[in-house]
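> Each chain is listed here by its residues.
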Amino acid sequence: MSEHTATWANVYDVRPKSDVPAESPLAWSYHDSGRPNVGANSRVVMRERAMLGHLILRGGAIVLDDVVRQVLGLPLPARPNSLSLDESGERSIQWLSPDEWLVIVPGGEECELEGTLREALGDAHYAIVNVSGGQTLLELEGDKVCELLMKSTPYDVHPMAFPVGKGVTTVFAKSSLILRRVGETRWELVLRRSFADYLYRWLLDAGEEYAIGVEA
Amino acid sequence: MNKSLKQPNRLKEGGRIDRSRKLSFTFNGKRYQGHAGDTLASALLANGVDVVNRSFKYSRPRGIVAASAEEPNALVQLGSTEAAQVPNVRATQQALFEGLVARSTNGWPSVQRDMMGMIGKLSGSLMPPGFYYKTFMAPASMWMTYEKYIRKGAGLGRSPMEPDPDIYDHLHQNCDVLVIGAGPTGLAAALTAARSGARVILCDEQEELGGSLLDSRELLDHQPAAQWVAQVLEELAGLDNVTLLPRTTANGYHDHHFVTLHERRTEHLGETASLKGGHRTARSRMHRVRAGQVLLATGAHERPLVYAGNDVPGNLLAGAVSTYIRRYGVVPGRRLVLSTTNDHAYRAALDWQDAGREVVAIVDARSAPTGDLVAQARERGIRIIDGAAVLEAKGGTRVTGARVATIDAEAFKVTGQAETLDCDTIASSGGYSPVIHLASHTGARPTWNEAILGFVPGLVKGVHAAGSARGIHDLAEGLADGVAMAARALETLGLSARAIELPQIDARHEGAACALYQVPHEKPTLRAPKQFVDLQNDVTAAAIEIATREGFESIEHVKRYTAMGFGTDQGKLGNINGMAIAARCLGKSIPEVGTTVFRPNYTPVTFGAIVGRHCRELFDPERYTALHQWHVEHGAEFEDVGQWKRPWYFPQTVNGKQETMHEAVARECLAVREKVGILDASTLGKIDIQGPDAREFLNRIYTNKWLKLEVGRARYGLMCKDDGMLMDDGTTSCLGENHFLMTTTTGGAAGVMEWLELWHQTEWPELQVYFTSVTDHWATMTVTGPEARNLLAEITDIDLSRDTFKFMDWREGKVAGVPARVFRISFTGELAYEINVQANYAMHVWKILFEHGDKYGLTPYGTETMHVLRAEKGFIIAGQDSDGSVTPEDLGMQWAVGYDKPFSWVGKRALSRSDTRRTDRKQLVGLRPKDPTVVLEEGAQIVFDPDHAIPMPMVGHVTSSYYSPTLGSGFALAVVKGGHHRMGETVYLPMANGQTHAAEIVGTIFYDRKGERQHV
Amino acid sequence: MFHIYCPYCEELREEEEFHPKGQAHIARPADPEACSDEEWGDYLFFRDNPRGIHHELWVHAVGCRKFFNITRHTVTYEILETYKMGEQPTITAESLANREAQGSVQVAGSGQQTVGASNASVASVKGVKA
Amino acid sequence: MQRYSGFGLARHALSHHENWERQWRNPTPKKQYDVIIVGGGGHGLATAYYLAKEHGITNVAVLEKGWLGGGNTARNTTIVRSNYLWDEAAALYEHSMKLWEGLSQDLNYNVMFSQRGVMNLGHTLQDMRDIQRRVNANRLNGIDSEVLTPAQIQEIVPIMDCSKNARYPILGASWQPRAGVARHDAVAWGFARAADALGVDLLQNTEVTGFKIRDGRVYGVHTNRGDIEAKTVGCVAAGNSGVLAQMAGFRLPLESHPLQALVSEPLKPILDTVVMSNHVHGYISQTDKGDLVIGAGIDGYNGYGQRGSYPTVEHTLQAIVEMFPIFSRVRMNRQWGGIVDTCPDACPILSKTPVKGLFFNCGWGTGGFKATPGSGNVFAWTLAKGQAHPIAAPFSIDRFHSGALVDEHGAAGVAH
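Protein chains in written order, with the numbering used here: chain A, 5 to 220; chain B, 5 to 1020; chain C, 12 to 141; chain D, 47 to 462.
The shape of chain A in the complex, shown without the other chains (with noise of 0.2 Å):
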């Protein structure tokens, strides 16, 4: 990095290099209403994805194209509400708004993916927000999940209009979050930190009927 735009903004890693505790933003609600079994007859599973690195990438399409391409593999989604993933579904890029971007890769990358960007990008105006630790990942699976999303969000989940590979930012119950498939009957949700209990025990409610069962 050059040292003119090092000093442009403070690129910090947040992440302990040494083996501290950590605790993901659901640790309250599995302590305090539990993680129902998944069994036979559960029709939705739901998982959590915790301690991934969370990227807020903003910054005029053109500008980011060719560097995210390069730096990440994948392309930069250019129409609206669409997602990239790469091949083991671990990183992906996500169209948030015209100008800005979520980007999801293993936990304990994101620092570096954030200084070879700004690397990359030089002089250009944008921003790169690590924003780790204020979102989870949660993932859904079962024949039963289209159904629990259409109880909690107006957003329409049919196949025809919410195919794979598309995301979006949503009402979800009396907050919101981001909904992703990534599968026919797969689908992610980024719940943002401070809500993530009640979104949790929203989903335990909701998935009640389809006895809905949470892995560990």
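None of these hints come from the bench; they were simulated from the model. Any given hint could be a false lead.
A partial selection of chain B residues facing chain D, derived with a Cβ cut-off under 7 Å [stated by the list, open to error]:
id	residue
1	Tyr-136
2	Tyr-137
3	Met-956
Simulated coverage check for chain B against chain C, where a stretch passes if three residues somewhere in it have a Cβ under 8 Å from a Cβ of chain C [said to hold, decoys possible]:
id	stretch
4	255–262
5	907–916
All C-beta atoms, glycine included, are put in the ideal place defined by N, C-alpha and C.
Start from chain A and add chains B, C and D according to the hints.
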């Protein structure tokens, strides 16, 4: 067999009920039996129960009139236990289930012998419309007493007194075509749309889909109509793109084709929803449907005729008679007189005769009815009296006869001698009113169609009424209309309709109907026996006539003066008749009198269903910080701040006794002032700001200067709206040349974020800057007090020395092994470090702080202590010490106002308006109570002259007030008129208990006036 | 409940995702200090309140967080068009009156409301929804 | 005017109610009046009544484009209270309250003003500070007002959930015993009948289509029934005020918004007082007929459609069920919307305008019904004298330029 278990009116065969399944139920304490497939109404009729309720105003005995949603009388209280009570259930819409318990909503001691009925009989003539407005006025002081007695008569059913044992939910649906009503038209339309590949929802309020075809006499493709229904439903059920919703009422049609459908999921099974596989299910469900196009196939409601005594049990709608016979195998009487204006109603007489009971006569208002059904009746030898109508029903708790005479409907005259026919049932039909309720929810004005003698839906883009709902009552035409309207809807959506084959129906000739609403009586309306228009609200034709005589000429006036249409049936039966009567009285036509407007709901909907899951623990989100579990485990009392749960104080148990808030706060305050305390400040809003124009942006949005803030430094800023009033405050730190971290108040976070975006996106898009919320990413722990440095030094690699890490500096480093940003910002006036770490590691850091903090007396404190400490320092809380009418100058914060900044920042211009320049504005000051033991009440009003008579001129109020354990006295912040120039003056606070406190106006800083302690 | 086409997300979304922010196209005076009290008061508080076509500022609060403009009929609630910040409306009360005079288009009148085609079938529709 | 009384009622019963007189005439418009009131809602009719009664000005026409009392008078939740925070607003609403207290007798029309008390709940510490501030101000302004503890609240409304388990537990309330509800339609009809009896012409189905203005002075109006002249014109048109102002060539700081309300089915008496909560956002009372009348806040967008967004209804009922869990199985009968003209400071405008002789009384927002008699009374004074009544003076349009707002909702706090 118990006598009460017989069903005297049940036919031996026929109907769609399941005769193999007997269900017993209780009505008004008496046990009866019915069958699966019955409604409560059909079961009551089967058992020969005539009186089901008492009327609202006159307490007259009432029976079942209709078979569906339009029923005005048969309202019952459901439920065997307190918690399961449901008031005002329409018996015609309640499926029978085993063990159902129902009672009449009115009637004391019983519906058969009712005390109020006596009073109603005696005083009915004293209760013309509007009688309340004309009496109970003298003496004025007595009104509340009169009202107490009036209220005793209020209401129908009663609310349960225990919380609801059931749950409810919502389902958000999206579809291309929503078809409302699954009668012939709706089925044809749904099939057309479904075969064309559209996403279709078909709903119907009844227990079964099929509508009028379920009791039709017609043959479709030479088969009973129900067979065709079954075929269509089978096909629809097999299609992925179709959702079928029986027992589902479309109750509200909102903007842009948003329709709410109320699905009763368990009410046909029991009074509360049972567990399914050990899991709770929703008693009912609200479908929130966003449709591309809406097809209203809602059919029509039959209008009864208005004649004297038309409310006596045994008066029914003609169509209802057919429905009870054909669908439920119940014939609700022995000897029938049918009074009609149209051919269609003849079905009732034919069905009655088919059921083996006697048709005494058909009284037809037309002079020479023709039509195939008429011919059929004549062939059967049924007596038909032409040009006549039933003038009056005889009987008390059951019809005993019908007075019939020829009439001249147009001249509103009885022309012949009345003849009394011996009968126990009178069925009447005055024509058919399209069900236009949903269309009229959208704001569309219905229009009168003289050809069908009814209102049809006003035209609304994207709404398609079809079949009976728009006045096409013929079955074959209705089916074809369903197809045509579906095709039109599909075309609008850009889909091409696939044709369906319509069933073959034998053509039938129907004669024209005639217009008759109120049947004339020999006596003028005001002297004739009561002729009811709105049965539920006891509105009579006479009442309408009186209203028009009194100058109530608009139909809205008539309705409001008489209460017509304000019942739970919203006048489904009565409104058109009422309008016709008003029109007659005013010498106008029906459309001249006005139109009738319906509002959601089509039929009443349980609050719980509208609420859905958003109740109890899920009423509103509770937002937690990363340290919530620790707070709970350490006994915190919580304060609601916005949606956040913040620790308010941490009461400890001392000598087996839990501290009061006062004690806890005093302890927490002293700990901070003398040792070290810690606050979870994670709820403060945090906004990451990046871009080359970030500084310029801050300079415009804050009142103070930002161009020279160095990297590594923080600054406090005030934010105003453009009216000059304080909006929010907080510190913002410079993280890099183009990188800032802004903090906001807890409650203001979302608003400030949107505020920044508003100005950036709408006014200054040329500024290169981005804002991102990082409130949840960072957890913030404030370690403050004289020992703060010593404590922190134990677990950080940051150089904390006073000269290198100064007040209002921030530094990076590890705290408890976790990378942190530490800000030397103080809201307590003490040495303070705000430690920010990635929230996932917050609990670890917090616990390590406590591991090391014990020896320093580290004390957790909550918002209450935070408030005391900041107030001692004169630090404001936006929203508490300011209220939307307070400028930075009023707060005495001119030091934070950049008067000479080149850009006219948000709020600046407004400060020079004549009112904001006044010197006697309310200004923030400190108050020192003369009696140091007094803690002034927050919100206490301030006066200069305590002896002034009421109303007293008030000059300000107390905004913050606490006991300070440090000062050993109470103290307060307040706004006082011209307060900045009144230092040392005495003001007074007259309190509710008669005491008046005196206080001295002082500066706002009560502790460490020079601000030395935060710099140590 | 409105169904609103977000010109940035390029699809119809539920009203619950949006916040109305008052009249559109209210520009802050370029030189506030040069304004009289009256002019400043007008800017702060005085708004058009038409019974008919209204241009409004909305924000896609739970979504892309972008502000944009809506042209809406305040009686029928029909949304005639939505357009991005910095753009001007193509439909105004005047333009509608002209078109009505020419008889070329049916003007929203009492009793009409938005044609809300479902998302599935408006994928091709751009920012302007007629 | 035919006097109404219990005895009169009995007499009419004997003659089968055939001899009731019209409550008001249906006159033909005259060419000229001394004063024209535009808007035949409660406020306009009250203005006409007090003009005739207190100022002897009887050559007055009330022009109503629809039917009398057909606007917000017919669509509100009928709450009457005067416990406002700021002196100016308190004076106005208390003036009104005093008139309410003798209104039925004054009009010889029972408006069923029922002083069953109004309770405003507090759920947060800031709510309680605001409540104490308002109650203290009310008291020193001579308005009955007190702070209730949760225990006192529970005693008055035993069916409310006052437990600590609620999402937002109830911490206290303000209580105005003299406040209550009134029968909304009867208020319009009572004023109409009394004004008519004093000679006022009530012209229904008469829509103003423009103003006749010469040299900056109004001298009449154009209507769908021809031109009518008057040197003084008072506009009292609530949601349509902005449209009228536009006709007269100026703007008002008003936005018209939908305000929704709903009723349950009639229930046996269960709630004896009015309960309001700004925090969980809903208010409720029970009518003499048994309906629970429920309301909430306004919809955020401008609208003249007399309907609003469905989520507003959902949120309102969520609040009601949160406060009254036992109402979950009660059913909602009907909902509707009014159009309220709101001012930036949530206070009305009672003011002269840039056009001489033309006055406006508007901007009542959600608070209009309770002010009906007071508003009419001070506006009549203002029209009669050509200058603002002392109580009306602070509500001039000028305040939006000087900055002297009477900020009733600003005082509800902006941040915390």
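> Hints broken by the structure, by number, lowest first?
none
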